[in-house]
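**Student:** Given only the sequences and the hints, what does the whole structure look like? Please build it.
Residue numbers (the UniProt record's numbering), protein chains in the order written: chain B, 1 to 289; chain C, 1 to 923.
One or more hints might be untrue.
[What the hints assert, rightly or not] Beta-carbon label-pair distances, calculated as ranges:
#1 B:R15 - C:D116: 37 to 43 Å
#2 B:A260 - C:P285: 29 to 35 Å
#3 C:P609 - B:G52: 48 to 54 Å
#4 B:P54 - C:A12: 29 to 35 Å
#5 B:R15 - C:A51: 45 to 51 Å
#6 B:G52 - C:D116: 29 to 35 Å
#7 B:G52 - C:D79: 37 to 43 Å
#8 B:P54 - C:T185: 42 to 48 Å
#9 C:S210 - B:D261: 48 to 54 Å
[As the list claims (entries may be wrong)] Which chain C residues face chain B? A few, computed with CB under 8 Å, are given here:
#10 G39
#11 L269
#12 T791
[To be verified] To be clear about the criterion: a stretch of chain B counts as covered by chain C if any three or more of its residues have a C-beta under 8 Å from a C-beta of chain C, and this derived list gives those stretches:
#13 111–120
#14 188–198
These aren't lab readings, by the way, just hints derived from the structure by calculation.
Remember, it's a predicted structure, so these values are computed and weren't measured experimentally.
Even glycine gets a Cβ: it sits at the ideal position worked out from N, Cα and C.
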Amino acid sequence: MDLNTVLTITSARHRDDLAQLGAGVAPLAGGSDLFADPQAHLTGLVDLQTLGWPALTLTTDADTSGTGSGLTPGLTIAATCTIAELSRLPAAPGWTAHPLLFQCCTALYGSFKIWNVATVGGNLCASLPAGPMTSLAAALDAEVLIWRRDGSDERMPASAFVTGNTTNALRTGDVLRSIDVPASSLAARTAYRKIALSPLGRSGAVLIGRLDTDSRFVLTVTAGTVRPVQLRYDSLPDAGTLAGDIAAIDCWFTDAHGAADWRRAVSGVLAEEIRAELDATDLEEGDLS
Amino acid sequence: MRLQLNGEPVDASPAPGQCLRSFLRDQEHFEVKKGCDTGDCGACSVLVDGAPVHSCIYPAFRAEGTQVTTVAGLGMPGDLAPIQRRFVDAAGFQCGFCTAGMIVTASTLTETDLDDLPRLLKGNLCRCTGYRAIEDAIRGTHTPVNGLGPVIQTGPRHGTVGTSLAAPAGERVVSGQEPYTLDVTVPGLLHLSVLQSTEAHARIRSIRTSAAAALPGVHAVLTHGDSPATLFSTARHEDRLDDPDDTLVLDSVVRFRGQRVAAVVADTLAIAEAACRLIEIDYEPLPAVFDPHAALLPGAPLVHGEKDAGASRVADPARNLVAELHGEYGDIAAGLAEATHIVSGTWQTQRVAHTHLETHATIGWLEPGTADASAGGERLILRTSSQVPFLVHREICRLFDLAPERLRVFTARVGGGFGGKQEILTEDIVALAVLKTGRPVQYEFSRSDEFTLSPARHPMQIQVTLGADDSGRLTALKLGVLADTGAYGNHAPGVMFHGSSESVSLYRVTNKRVDARSVYTNNLPSGAFRGYGLGQVIFGIESALDELARTVGINPFDLRRRNSVGPTDPLVVTHVEGEDLIFGSYGLDQCLDLAKSALARGNDVPVPPGAHWKVGEGMASAMIATTPPRGHYAQASVTLDSSGTTYTVRVGTAEFGNGTTTVHAQLAATALNTTPDRIEIVQSDTDAIGYDTGAFGSAGVVIAGKAVLAAANDLADTLRSAATETHPEVRAAAWTLEPGGLRSGETFVTLAALAERAGSSALRGVGSEDGARRSVAFNVQAFRVAVDTRTGEVRILQSIQAADAGVVMNPEQCRGQIEGGVAQAIGTALYEEVILDGAGTVTTSVLRNYHIPLLADLPVTEVYFAETHDVLGPFGAKSMSESPYNPVAPALANAVRDAIGIRPTELPMSRDRIWRLLHPVRT
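**Tutor:** Dropping the structure here:
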């Protein structure tokens, strides 16, 4: 929709240009979120796309994958990388987790036409519980780089970036710069499950399991909780342990896309499907994907 | 900013915060539609350098240097792209408002993409079709209508009744060239923005408008001081006394959050919105009530306590009671005493939003008067998105004290309605603004306005008690209805009475009792919605019947067979219905058999693997009168043009995706024995024809169509007489009409010759219809479903609808109406709910929080037609636009009950609700 109170668009070329950001001046990436709601408090936008950040960069200098090959690269995703670009990224050597990138793109409520403009960073910054880029970044234990307004840089786990339903670690004037995915996570086996109140509806729960090459297991629970919740184990837990830990999560929420009690229950179902899928000794597969 | 737009250079500067959608419309590319303005519906889809985007969330400035392609850039009438051609041929649209964006999106799909079509089309919403025809258009396929074979085309020649003529506007719709309400450039146009109440119930102590009025570019600030003092109802009916007069254009009391409080008219929408933000309102909060049960209790806050019951036609303002019905036929106590089986239950339906893709909108302006050139005789013109332009005309004249000739109301093609446009929601305030400023004024609802300001479907609590003997014969039917009509009583009486009508009279029971009430609350108003109350009550009654069949131990189809009215039975609610309602034909028996055998035949959709999937079947029936009661009037004319090549049909009813225009062309072509390309239709304009009650109550074919047929027959007679004047030796009755002229043996007179001879006295026929006699139509829906007991997911494995539409005028189009009705009802049954927070605030105020069905959500419904011939409808036709919706929710609920052993009693049967039925909290 037209943002009728916006009087200026500044095309950012340097980090200094971000100094204009403030209560009435917001950063603009794809625009699919900003232009989808009235923004009567805004008088200006600073276009981040003109900063020219490379969308996707393979990183090879910090291989901690433990695969022994040493060839498995990590991935740096610019905040301004579109979801379409991410969805088309080909697999690099050793990226067992590669299918997860596309799977998470499909969890976006918006259509593939939205993918053409919506950005990975914008999705994280909207900080909706159902934000699939939050799910992805958290599940892969990515680290986000924040450009603080004072010129400093700050890194933090993606899982800590989103703090609640539409709240995050950014303060006014800060900008999310990038998401760094470690090679070790990309080398892991992953299992993805999403459920909504309709077949392709806005996510009611998105659960991602990641079984690292060293057998450690992380289950990331999103969309049903107001912020990402991660359950970590030294190895795949048994069904009872996992079910108990899901049941113990305390930040389920209710909105038009599902009631809290249902989100908790179906997260238990999805978690067990994920556990079973990643358990090499248990070949029974679920059918909820 | 420079760009290439459909290959043409454009050099224009967007506003900094402007989106591409409105920028393209500023360039008069009206093929780019607004359905939501939030990136959810896809109606605005365009290509930017070949990539499809939702132009409503695309910053306009980013189009600099790009190539932008709209649907018009893909092809134009006469030179359509293959994908556009396929949408015409497959009837891949009804109202057509989503079509431009749908086609732009589809144009980017490759052969391999088709495997992923549900996902790739999830950003394109269609409210009319149910998507089967759209999918056929995209794939270039034709899905069989049912398991029995193709629908019989009964017409003698393509284009006549009984054949599947494509919509006359098809080529324009698929290229975005068919104008809708706002697709017009009006010089000097001002824009109107409305300030909505933040209070659920309050008196306005004061409104400070000086800052708003002082803003440069503001032409008027309208408050309750500017409003006519005449009470009216936003609801429109043939008899204006049907609805309570409880509404003012602008009121000093607000009764729901979101109600119109003030309006600003300004040079631009941006200025109007800015001015609205400068208006200061001092509210005196009043106690409010949000629960319809609480509203009836003694001491409840009174929503319209000051109204005069008689003058406003409110049953009891001191009890928030808008309307009530209490009546008994036979002896309900005796009937229950006689029963060996009694079932009883309570059902609850939710608020549903119509979600027509074109939001409500009106443009108004003044023109120099012609007929009445007396003192300052200017004429007010309203171009509006309405199902009822003539009824709007009447009421606007009444409100503003205008002589009828001083007002013209017309519609362009209307982008969907479903009952939501049987209201005055924009026309009144635009009329006020135009009369105040003397300037052209536009008011366009946002999608959020639709959710927070326009009436929703009535939520109802339905209590049903049934008694039956051991054979399953009903001995008692007792119905209780409590409807929440919200803050205003528009459609409250009508929906309550109609809801309790054919739902009850469908069954032959010697003892019946109905107690129905419709009450005010401080919630969003409720209004007219497809089915007009029947769907809600049928949900309760057909669910109860299903339970009864289980209790008695007979098949639910057999239970209906045993108890449904037959063509010789009286139709009884609480007394025998009036003699105007007859069985002009009867096809319920066929519908029951068709649905039952289709269900038995099954289909090849497998049950998902796993023991947690439970399978069940269910069915439900519905009956509907083919016309609203107490008069529904239509006038029509057909004129041969001066060249003798084209017939012009003038008719008052509106085209909003119902397809009446197509059928009218077929009716005229059949009566005049010509081809449909020689028929032009001018419609829904108070200047075009004398009168039409409007496009509601499924009246487009059986009322307006009958008037068109009468007019065409009248013209045919006129042409025969005119031919005899040229050849006195041939009797008038001996002429046979042909496309080019009239023939009698070897003698042939061309239409051109007759037209030339007639000169300025045009050859014209007229017809009218009054709806004095009404028939009934039937629909039976059946489902086979699988339910995931772990998650509550309901998966539809087979969907069947059998319909008694009389002689089907246009098989593909009628099929589309049924598919669309089933689709909308599946949305109601499984997904849709306008949620309020309990204090009057709508929390589902954007489309992404209100889930209407996507292609991915819907099965292909098998459609079966009963073979009947109605004595009232044109060529034996019956109405078939509201009724397919009505039996769907109970049929689905009955199937879910069959699958899981627990009866859902609340809509929507969302996954969380079904899951909760299966996993109740242990206490």
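**Student:** Would you mind marking each hint as holding or not holding in the structure?
**Tutor:** We went through each hint and held it up to the structure:
1. With their beta carbons about 40 Å apart, R15 (chain B) and D116 (chain C) fall inside the hinted range of 37 to 43 Å.
2. A hinted range of 29 to 35 Å for the beta carbons of A260 (chain B) and P285 (chain C) is consistent with their spacing of about 31 Å.
3. Here the CB-CB span from P609 (chain C) to G52 (chain B) is close to 50 Å, well matched to the stated 48 to 54 Å.
4. In this structure the supplied range 29 to 35 Å holds for P54 (chain B) paired with A12 (chain C), their Cβ-Cβ distance being about 33 Å.
5. A beta carbon spacing of about 29 Å between R15 (chain B) and A51 (chain C) contradicts the range 45 to 51 Å that was offered as a hint.
6. Range check, G52 (chain B) to D116 (chain C): about 32 Å between beta-carbon atoms, so the 29 to 35 Å window is met.
7. Between G52 (chain B) and D79 (chain C) the CB atoms are about 41 Å apart, so this pair conforms to the stated range of 37 to 43 Å.
8. A hinted range of 42 to 48 Å holds for the C-beta pair P54 (chain B) and T185 (chain C), which are about 44 Å apart.
9. In this structure, S210 (chain C) and D261 (chain B) meet the distance hint of 48 to 54 Å, their C-beta atoms being roughly 52 Å apart.
10. Below 8 Å, beta-carbon pairs count as interface contacts, and G39 (chain C) has one with chain B at about 5 Å; its hint therefore holds.
11. Checking L269 (chain C) against chain B: minimum C-beta separation of about 7 Å stays under 8 Å; hint holds.
12. Of the supplied interface hints, the one on T791 (chain C) holds, with its beta-carbon coming within about 5 Å of a beta-carbon of chain B, less than 8 Å.
13. Look at the segment 111–120 of chain B against chain C: 6 of its residues bring a Cβ nearer than 8 Å to a Cβ of that chain, three or more, so the hint holds.
14. Counting residues of the segment 188–198 of chain B whose C-beta sits closer than 8 Å to any C-beta of chain C gives 3, which meets the bar of three, so the coverage hint holds.
In this structure, only the earlier hint numbered 5 is contradicted, and the remaining ones agree with it.
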